[in-house]
Structures are given as C-alpha cells and as structure tokens.
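A.B. asks: Since chain V is already given, all that's left is putting chain S on it; use the hints.
There are 2 protein chains.
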Amino acid sequence: MKLVIVGGVAGGASAAARARRLAEDAEIVLIERGPDISFANCGLPYHIGGEIAQREKLLVVTPERMRQRFNLDVRVRSSVESIDRTAKKVRIRDLASGREYEESYDKLILAPGAAPLRPPLPGIDLPGIYTLRNLEDMDRIIKTLQANVKQAVIIGAGFIGLELAENLVRRGVHTSVVELQDQVMPPFDKEMTAPIAEKLKSKGVTLLLRQSAEEFEKTADGVAVRLNSGKVLHAELVILGIGVRPESKLASDAGLEVGPRGGIRVNAQMRTTDPDIYAVGDAIEVTDFVTGQPTQVPLAGPANRQGRIAADNVFGRDSRFRGTQGTAIVGVFDLVAALTGASEKTLQRVKRAYRKVYIHPASHAGYYPGAEAMTLKLLFDPETGKILGAQAVGGSGVDKRIDVIAVAIQAGMTVFDLEEMELAYAPQFGSAKDPVNMAGFVAAGLIRDDHPQVDVEYVLAERPYLLDVRTPEEFGRGHFPDAINIPIDDLRGRLGELPKDRQIAVYCQVGQRGYLGTRILRQKGFNAVNVGGGYRTYQLVQAIAAANS
Amino acid sequence: MKLVIVGGVAGGASAAARARRLAEDAEIVLIERGPDISFANCGLPYHIGGEIAQREKLLVVTPERMRQRFNLDVRVRSSVESIDRTAKKVRIRDLASGREYEESYDKLILAPGAAPLRPPLPGIDLPGIYTLRNLEDMDRIIKTLQANVKQAVIIGAGFIGLELAENLVRRGVHTSVVELQDQVMPPFDKEMTAPIAEKLKSKGVTLLLRQSAEEFEKTADGVAVRLNSGKVLHAELVILGIGVRPESKLASDAGLEVGPRGGIRVNAQMRTTDPDIYAVGDAIEVTDFVTGQPTQVPLAGPANRQGRIAADNVFGRDSRFRGTQGTAIVGVFDLVAALTGASEKTLQRVKRAYRKVYIHPASHAGYYPGAEAMTLKLLFDPETGKILGAQAVGGSGVDKRIDVIAVAIQAGMTVFDLEEMELAYAPQFGSAKDPVNMAGFVAAGLIRDDHPQVDVEYVLAERPYLLDVRTPEEFGRGHFPDAINIPIDDLRGRLGELPKDRQIAVYCQVGQRGYLGTRILRQKGFNAVNVGGGYRTYQLVQAIAAANS
Numbered sequence: 078m079k080l081v082i083v084g085g086v087a088g089g090a091s092a093a094a095r096a097r098r099l100a101e102d103a104e105i106v107l108i109e110r111g112p113d114i115s116f117a118n119c120g121l122p123y124h125i126g127g128e129i130a131q132r133e134k135l136l137v138v139t140p141e142r143m144r145q146r147f148n149l150d151v152r153v154r155s156s157v158e159s160i161d162r163t164a165k166k167v168r169i170r171d172l173a174s175g176r177e178y179e180e181s182y183d184k185l186i187l188a189p190g191a192a193p194l195r196p197p198l199p200g201i202d203l204p205g206i207y208t209l210r211n212l213e214d215m216d217r218i219i220k221t222l223q224a225n226v227k228q229a230v231i232i233g234a235g236f237i238g239l240e241l242a243e244n245l246v247r248r249g250v251h252t253s254v255v256e257l258q259d260q261v262m263p264p265f266d267k268e269m270t271a272p273i274a275e276k277l278k279s280k281g282v283t284l285l286l287r288q289s290a291e292e293f294e295k296t297a298d299g300v301a302v303r304l305n306s307g308k309v310l311h312a313e314l315v316i317l318g319i320g321v322r323p324e325s326k327l328a329s330d331a332g333l334e335v336g337p338r339g340g341i342r343v344n345a346q347m348r349t350t351d352p353d354i355y356a357v358g359d360a361i362e363v364t365d366f367v368t369g370q371p372t373q374v375p376l377a378g379p380a381n382r383q384g385r386i387a388a389d390n391v392f393g394r395d396s397r398f399r400g401t402q403g404t405a406i407v408g409v410f411d412l413v414a415a416l417t418g419a420s421e422k423t424l425q426r427v428k429r430a431y432r433k434v435y436i437h438p439a440s441h442a443g444y445y446p447g448a449e450a451m452t453l454k455l456l457f458d459p460e461t462g463k464i465l466g467a468q469a470v471g472g473s474g475v476d477k478r479i480d481v482i483a484v485a486i487q488a489g490m491t492v493f494d495l496e497e498m499e500l501a502y503a504p505q506f507g508s509a510k511d512p513v514n515m516a517g518f519v520a521a522g523l524i525r526d527d528h529p530q531v532d533v534e535y536v537l538a539e540r541p542y543l544l545d546v547r548t549p550e551e552f553g554r555g556h557f558p559d560a561i562n563i564p565i566d567d568l569r570g571r572l573g574e575l576p577k578d579r580q581i582a583v584y585c586q587v588g589q590r591g592y593l594g595t596r597i598l599r600q601k602g603f604n605a606v607n608v609g610g611g612y613r614t615y616q617l618v619q620a621i622a623a624a625n626s
Numbered sequence: 078m079k080l081v082i083v084g085g086v087a088g089g090a091s092a093a094a095r096a097r098r099l100a101e102d103a104e105i106v107l108i109e110r111g112p113d114i115s116f117a118n119c120g121l122p123y124h125i126g127g128e129i130a131q132r133e134k135l136l137v138v139t140p141e142r143m144r145q146r147f148n149l150d151v152r153v154r155s156s157v158e159s160i161d162r163t164a165k166k167v168r169i170r171d172l173a174s175g176r177e178y179e180e181s182y183d184k185l186i187l188a189p190g191a192a193p194l195r196p197p198l199p200g201i202d203l204p205g206i207y208t209l210r211n212l213e214d215m216d217r218i219i220k221t222l223q224a225n226v227k228q229a230v231i232i233g234a235g236f237i238g239l240e241l242a243e244n245l246v247r248r249g250v251h252t253s254v255v256e257l258q259d260q261v262m263p264p265f266d267k268e269m270t271a272p273i274a275e276k277l278k279s280k281g282v283t284l285l286l287r288q289s290a291e292e293f294e295k296t297a298d299g300v301a302v303r304l305n306s307g308k309v310l311h312a313e314l315v316i317l318g319i320g321v322r323p324e325s326k327l328a329s330d331a332g333l334e335v336g337p338r339g340g341i342r343v344n345a346q347m348r349t350t351d352p353d354i355y356a357v358g359d360a361i362e363v364t365d366f367v368t369g370q371p372t373q374v375p376l377a378g379p380a381n382r383q384g385r386i387a388a389d390n391v392f393g394r395d396s397r398f399r400g401t402q403g404t405a406i407v408g409v410f411d412l413v414a415a416l417t418g419a420s421e422k423t424l425q426r427v428k429r430a431y432r433k434v435y436i437h438p439a440s441h442a443g444y445y446p447g448a449e450a451m452t453l454k455l456l457f458d459p460e461t462g463k464i465l466g467a468q469a470v471g472g473s474g475v476d477k478r479i480d481v482i483a484v485a486i487q488a489g490m491t492v493f494d495l496e497e498m499e500l501a502y503a504p505q506f507g508s509a510k511d512p513v514n515m516a517g518f519v520a521a522g523l524i525r526d527d528h529p530q531v532d533v534e535y536v537l538a539e540r541p542y543l544l545d546v547r548t549p550e551e552f553g554r555g556h557f558p559d560a561i562n563i564p565i566d567d568l569r570g571r572l573g574e575l576p577k578d579r580q581i582a583v584y585c586q587v588g589q590r591g592y593l594g595t596r597i598l599r600q601k602g603f604n605a606v607n608v609g610g611g612y613r614t615y616q617l618v619q620a621i622a623a624a625n626s
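In order, the protein sequences belong to chains V and S.
Residues in the first sequence are numbered consecutively from 78, following our numbering.
Residues in the second sequence are numbered consecutively from 78, following our numbering.
The shape of chain V in the complex, shown without the other chains:
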C-alpha cells in the first residue's frame, strides 16, 4: 500500500500518524507546500502579541521528528500540481528547485486546507497588507510590527480578526476593526456579541461595523484604507481576516465533486467521488450535525478527527464522521465567547422550528469570591425540547458550559435532560444548580407551559402590558418603555392594579423573579407571560441596535 497525503498540518498530519500506526509496512508520503508541518495555527495571533514568547513552541512536530518517529517520507516545500486519477499519480513540484516529478499512489488523502480570502480590491497587493495562515505570514507581520507600527486595520471581525485585535492592542498598536456585517463574530447571534463589541471598545479598539474596505492607497508611512462609507483609515499594517476559501482547485481540476461554496464533497468515510481519494479538513464540505445541511467549518478539532477517519478507511476500517457541530470558542481580552450547534439565524435560515431561552448566571456560587457574569442562550425544539444549539459569553466557565451542552447535542439530549444533569459542584467551580441546569429549568418550564415566555423581540413588536417586578432602585436605573413597577415581594398585595383583560409581560433583571411573578399571576387568573432573560437580555438587544443606529 502506498499512501500519498497532500497537506501536512492538522488533518494531513493526523492522517499520516494514524496511517503509520495502522500499517507499519505501508509506504506513506506526506507532501506539504510550506516549510513546516503540524504547526499550531491557532497560536499564530498569540505569538504576534507576545503571549507565546517562543516561535519554536508553534512547531508542534518538526518534519524531522515526523520522519523519524512515524517512518514517513515527508516532503516539505513541495506542491502537488495535479492528480492523474486514471494513472493514479500526482504531479509534484519541488518549490526550491522548480523540478516537477510524478509520484504514484494506491490511495490519496487530500488535506490542503483553506486559503485566506484576498479580494481583488485596488491596492490589495501593497506592502503592509497581510493575511495570516502560516508561520511565514506571521513572521512577516511581526517584522512589520517591529518597524514601529502605530496604527493597524483589521478587516473582518471573526475569530482571527478579534484574536489579532487583542494581540495588537497588547503590543500597544492602535487597532481598528472593519466588519461588513452589523455585528462582530458572525457565527454568533447578534445580541450575544454585544459584550464583545463593548469589550473591544473598552480596550481602545475602533470598531467599524457595516463597512467594508474598497481600496488601499500607498501613503508616506503606510497604507490608507478607504471604506465604502467614504471613511479613510491610516495604518502601517493591514490584516485581512475576512474568511477562507477551501483549497479545492486540485480536486476540482481532477474532476472530483466540489460543493457550491468550494468544499470538496466527501461521504461520512471522508471518501471523495473517487474511491481511491479521500479529503479532510478545511478543504471539504461537511454535514452540519444539527441541521443536516452541507457546510464548511474550518476548525482544527474536526480536521484532526477527519484525518484519523480517512486513514482508518484507507486501511479497511469503517469509521465514520458524524458531522460537525461547529463548536468553537474565542478569547477576547478577558472575555470568552463560545458556541455549539446551530445559531438562531441558522435555524431561521433553514426554517427549523425552535424556541430560545437566555439566562444570566454567575460562573460559580455567588457567595464565593471571583464569580464572573455570563450570558447563556439555549436553542431547542419547541415540541420535543431537543437541544439545537447554545451560545455563551462571559468569563471563566463559559468553555465548560458550552462543552457540556456540546455533548448533550451529540447525545441527542433534550432540555429535560439538562434539568437532571449532575455536574461537579463546589463553590469555586459551579453552583448547586449549575447554569446548565438553570437553562434546562427555564426551557423545560417553557415547553411544559408552566412558565410561558415571550422573547424581547415580541415585546418590542407587540407592546404588551409590561410589568417590572424588580426593586424601585433597579427600575430607576432603566426599564422597558412604558413598564409599570411592582416589586415581586409586593405583587401578591397589589394584584388589583393589574388588568385582567390584557396580556401582561412580566420581567425582572434576568428572568427569575419574572418567573415567580408569572406563576403568581397565572394562578390568579391573569394572562401573564415572562419576558425571557429579562431586562439584561433587552440590554443586549438594545446595545446592538444602538451600535447600528
């Protein structure tokens, strides 16, 4: 068996290691265009910022180590130019010498990754404008930074854009982030990104939403970035982080099926339309675990698993990829945002019925010092309660709750299962009723109709009678327009003040007192509903609306 693997980073390197463990006598050739294999691409922004001090740390495995330990034929600085599927050969170009040669294969695994988008705008090729994919890109950015960069512009407010913003600020660079959409972190629902936008601004980052770069012009000391709004930003450094495009040209040139967004089509065994060719990682189209739709998710975790699965199948083992949940996380200064499964906007796009709840718990028991605020949004099927997705933003403990819910989604669990979860509790680590349990209680109460809830959007559109059950002090600091205030502890004595002929939307700060108020009123014959996630959720929605007005 002769296995040729194209691409030596996450998916390719995983496939190679797995292949060797399965087949000590196979001939395994690993072809990588760059000088490095298996490097830590998720660490690149942090070396730029200095948090990861040593560059060598990013070289998880060197080509030499990979050769020695796994007895691989590793060829770096080598590009696969074409595939001859009939002859089962690839044409390889040695980038140092320019020499081209052929290599035969029995099985081929494509793991070429995805390339950062670089739109053909005027001036895009000026010096000082970079993308960030590999260590060479990183080295160039650092070199530019060392030549005294005062201002930087990042185009794109996704994962890489915001990680870069944090790291440039860490280096004392004044940083502007330009984003075409009306929110940062587009995979998240808009309101969940309000705290991130706020954090960026509080750290001095200039955020320009609903704007895009139209043109770059050389200036005396850098680049002028002209936006579609007419605004011009001056910078000595521009980094494009507007997304990636699967490197699928090699595959499509060879006649392999490629999806509409450029991802190589594979089945659950990672096999392409050619039974001898597999593909893995950022270059492929995968199935969304929740929606069942094709998608592209350029993440390291799935790439690693896919590499393993492809190698299994090459050597006759039927292992299968279950689809991706898109579980992802980003740190933005001391804020953490993470998500798993489908977002609300995805569910709307695919026309999947859902309900949502928001909770705003502390990361651990409030009586123990250091608890941090968190907002957790849970999306679920309105009938069965099956969990469809979750997003959280806050500080410590966000990663844990999203991981827990990621497992629940994998297992096909419902919000009723969240109620029963038995998670580890000591006051430093959680609460006796963990945020995950709380989300389950609120969602299950909604489905059981114990606890009818309406969304902030409904309140803003329908303008029901609004009852604020917080204290007068809380009410005084801000409330829904036209709400009246009866503190929860006075409610039972003041029922006569409330209308019997109108729907009453009850709310508090986060939803808990609103829940009790709703229960009291409903049992007393009022048509009451709780405003899900309370005033805090309204604030998130409003913050986004204000930023975009």
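One or more of the hints may lead you astray.
One copy or two, either will do: identical chains are not told apart, so a pair holds if it fits within one copy or between any two.
[Claimed, not checked] The list that follows gives simulated cross-link-like pairs (lysine to aspartate or glutamate, DMTMM-like), each with its CA atoms no further than 25 Å apart:
id: 1; residue 1: K463; residue 2: E497
id: 2; residue 1: K308; residue 2: D202
id: 3; residue 1: K79; residue 2: D365
id: 4; residue 1: K165; residue 2: D202
No lab work stands behind these hints: they were computed from the structure.
C.D. replies: Relative to the frame of chain V, chain S by itself:
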C-alpha cells in the same frame, strides 16, 4: 393543600420554592431546627479560612426573604419531634420557648439532612472538639481560632476535612489530618489521591493515614489526641470530619422504611413508604445511577433536584429522580480533584466487569502558556465501552472534563462517543484533541484490540519483559525495575534485540509513545502490549505504596 416541609436548607428550601411556584394557594409550612435556612454549607470552610470574608454571604436566602417572596410560613429554631401518620400531624417543639404543638399536614416532605458523626470516644465532648455542619458550628470554630490556635487536628481526610485543612493552613495554623483509610479522599481510587497527599505535605500539613483517634485528653492549653498507633497529637482545635449519618430517626420512629445505612427509603418520585410523606437530600437512600445499588450521597446538587421533584409529585406531577452519579469536586490548595460515576473500587465491590485507562494530558494546548498537568482515569465496560466512571486530578480544566464525562454517563455514551466529541478548542481552553477525546482514543483502542494494554498492577504482579521506549535521559531519571531502554525513534532498527517468545510490555512516560511502540512490535510479530498510562501512572501507584509502607 397543606404542605409541611421539615428542614430548610438545600432540599427543603428547593421543595418550598418549587411548591409555591406550582401552587399559589397552598399552605406551605417550612420548619427548620436551626436559626438559618438555605445557607451555603459548602462555603463554611472558606469563611473559616477568610476566603469568603463576609459571613452574610453564606446566608443565601434569609427566613424573612423566603417568607415574603414565597409567601411561606417559615418557622426557624423549631424541631419536629414526631410524626403521627394516622392523624397526619407532626409535633413541633419551639426551641426558644420549649413549647410543643401539633401541626396537621396533607403532604409532608422530610429534608432533615445528615448529622456529622461523633463517635463515643473518651473525651469527645471536651472543649475545642468540633464538627462542622452549620453556621453556628462555624462560628464556634472561628471563635476558637481567634483565641490563638497554633495547632489543629482534623479527623477524616474527606471533602470537608481537606477543605478545612487548606483553610486552617491559610490562617497559619499547623494542621494534622488523621485518616483511618490508607488514602485521602476515600471516594477516589487510591492512586489518584497521590498528588493530593503530596500537595498537602508540600503545604506543611501532617498526614497520618491508617490511623484513628482513640481518646481525647484535656491539656493545659488544649487537647491531646491519642491515636490507635500510640502517637499523641497536641492541638488547641480538633475538627471531626469522618462522615455523616442520615437524620432518619424521625422517619424510622414513624415506621417509615429506612435502609441498612440509615437512609430513608424513597422511590424515584421521592415518596417514602407512606404515600403522603416524601423525603429528600442527605437523609435519604438513593440509587447509584451506574451500579444500580442503593447508596447515600450527601451532595447539594442532588438534594436541590430531589426537593424540586418531591414538590412536583406533591402537586400531582410525575417527575422522577434518575439516581445519582456521585459527581463531586474538591479544591485542595491549587489542586483540583473531581469524579463522576463509579470508582474502580466500587466496581470491584459490586463485581462489575470493567477496564480502565489513564492519561496525563495538559489542561490546554502545550504551546500556550499556563497549561497545567492533569491525570484522568476512565472506567468503562470491557465489551461495549459504556462509560462507568471517571476521576481527574490536576489544576484548571479538571472540572470541565469531569462535567463532560458526567453528561456522557448520563446519556449512556461509550468510549467510542468520547472519540468523536466536538469540544470547544482555542489554545487557552483545550487541545484540538481534547483530553476527553484522548481518553476515548486510548480506551477505544484497547477495546478494538488495536492497542492492547495492561495495567501497572499486572506488570508489578506478572513481571513481563519490560521495554522502556523513552529517551535515555528519561530512563535515567527512573524506570520500571528490570526494564530495558530502546527509545521509540530507534525501535524499528533494533527489533533484533527483543524476544519473540515472551510478552513484551512497552511503556513510555504517559502512554503515547508506548502505544506507537506496541503498534510497531505487534505488526512485526511480537506479542507486545502497552502499559496503560505509562511511567507516570506507575509513579502514582508507587507514591501510594511508599506512603503506606
């Protein structure tokens, strides 16, 4: 409906709040023996140590707030003395006045908790000897500490004992911990507690295992604690943390069924043998979710859920408790230890077939600063791979991995599911192959027989041919007795040195190179197995053996 609830801390307070939300017009009487309800008992050691500075923080909900918000009849300093099941009345004693009176009920929920054990040893009632259950106990201990305590003895090295040890050390008290068993933290398997014992010693705690207190004697400035070993410890403060006994006398006096270890028997609806009486929390016997055996697990999380379930059933809703997994966590200085599901010793006791794997991963990607070492032990069914239990000890990220596996156990997942888990990865938070995935890979490899493994115990008992595939430097720092050393990268060239007629147990530091070595050898016709968890696991086993020799 008139509901009487006996006990107002975790389970009782949860039941009361839930009951009110379900039934606005019910009469709900909450009887609590102490002066406080719903206090943070898990926080008591941390107020003693000063980490939780304000005492009020521990009073999560005051009786007054509970009365007002939930319209409850809360009676503190009141003890229920007896139940007349025929007349459906309880006899209550007002502890302040001594007055006794009767209160009728339609439904009764018992949530009396569990009392710290206080064995009838000579001198046990001397001043300076305490248990820690409530704020009054805590106040007494703090008062004693303020009178200049230099030395303290804690009897019992369980959760409370070790949390107290940490907090006394924080106050500058020289602390000795006496434990009857041959390990600290008895719910954990012995080898997993080696790092905890080491941490305690490094912080100056004197640990006395396999010893028990036999007698207490008054001295000029405190107490002399005589151990069964003959050793005498002097202290101004002694705290007993040797376990708790369900407060089930009220129930058993009323003829309700009680298990052999004193827990009140209930069904999944939390109903006792009397259809009008429910019981919840530390006083009851529950079913172990993994083994199906009756057990007693005094933990706040399950108590809260049980309170909720009892209230549901009182008001005609069929909600059910699924049993407990015993998920628990403890912080011991900067070390964290957590577990969920069955331990190895429990599985042995109930004669349940299992296999185990150990991994020693970092809390997050090694290339990002601040990664902390962790040991994770996973127990699973040897045929199906169903997850039976997990334990972890380390620093940050231990809570997350145990919570993830707790959900996997709840969902009935297997080690093959762990392989596929899509957890949130950025270098600050995890690894592209998370420790949970790694544990799945190792366990699944074992079941699939790709990766036959033996335990350290087998190696020590059977003495197979031992091959150490680490570097000569690692080998030089310590190795299995009689092992020979061939570094993994030289192994392919030195196969001739190895026996074909003997089982070869391959090992490295944590198991990963051992795995590759095993794969190479097996494919070359050797009878090779990997020593699960490698030399690091051997060190844990040896540390415990040494401490007890």
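A.B. asks: Each hint: holds or not?
C.D. replies: Evaluated hints:
1. K463 x E497: both (14 Å within a copy, 20 Å between copies)
2. K308 x D202: within (20 Å within a copy, 80 Å between copies)
3. K79 x D365: neither (32 Å within a copy, 51 Å between copies)
4. K165 x D202: neither (38 Å within a copy, 86 Å between copies)
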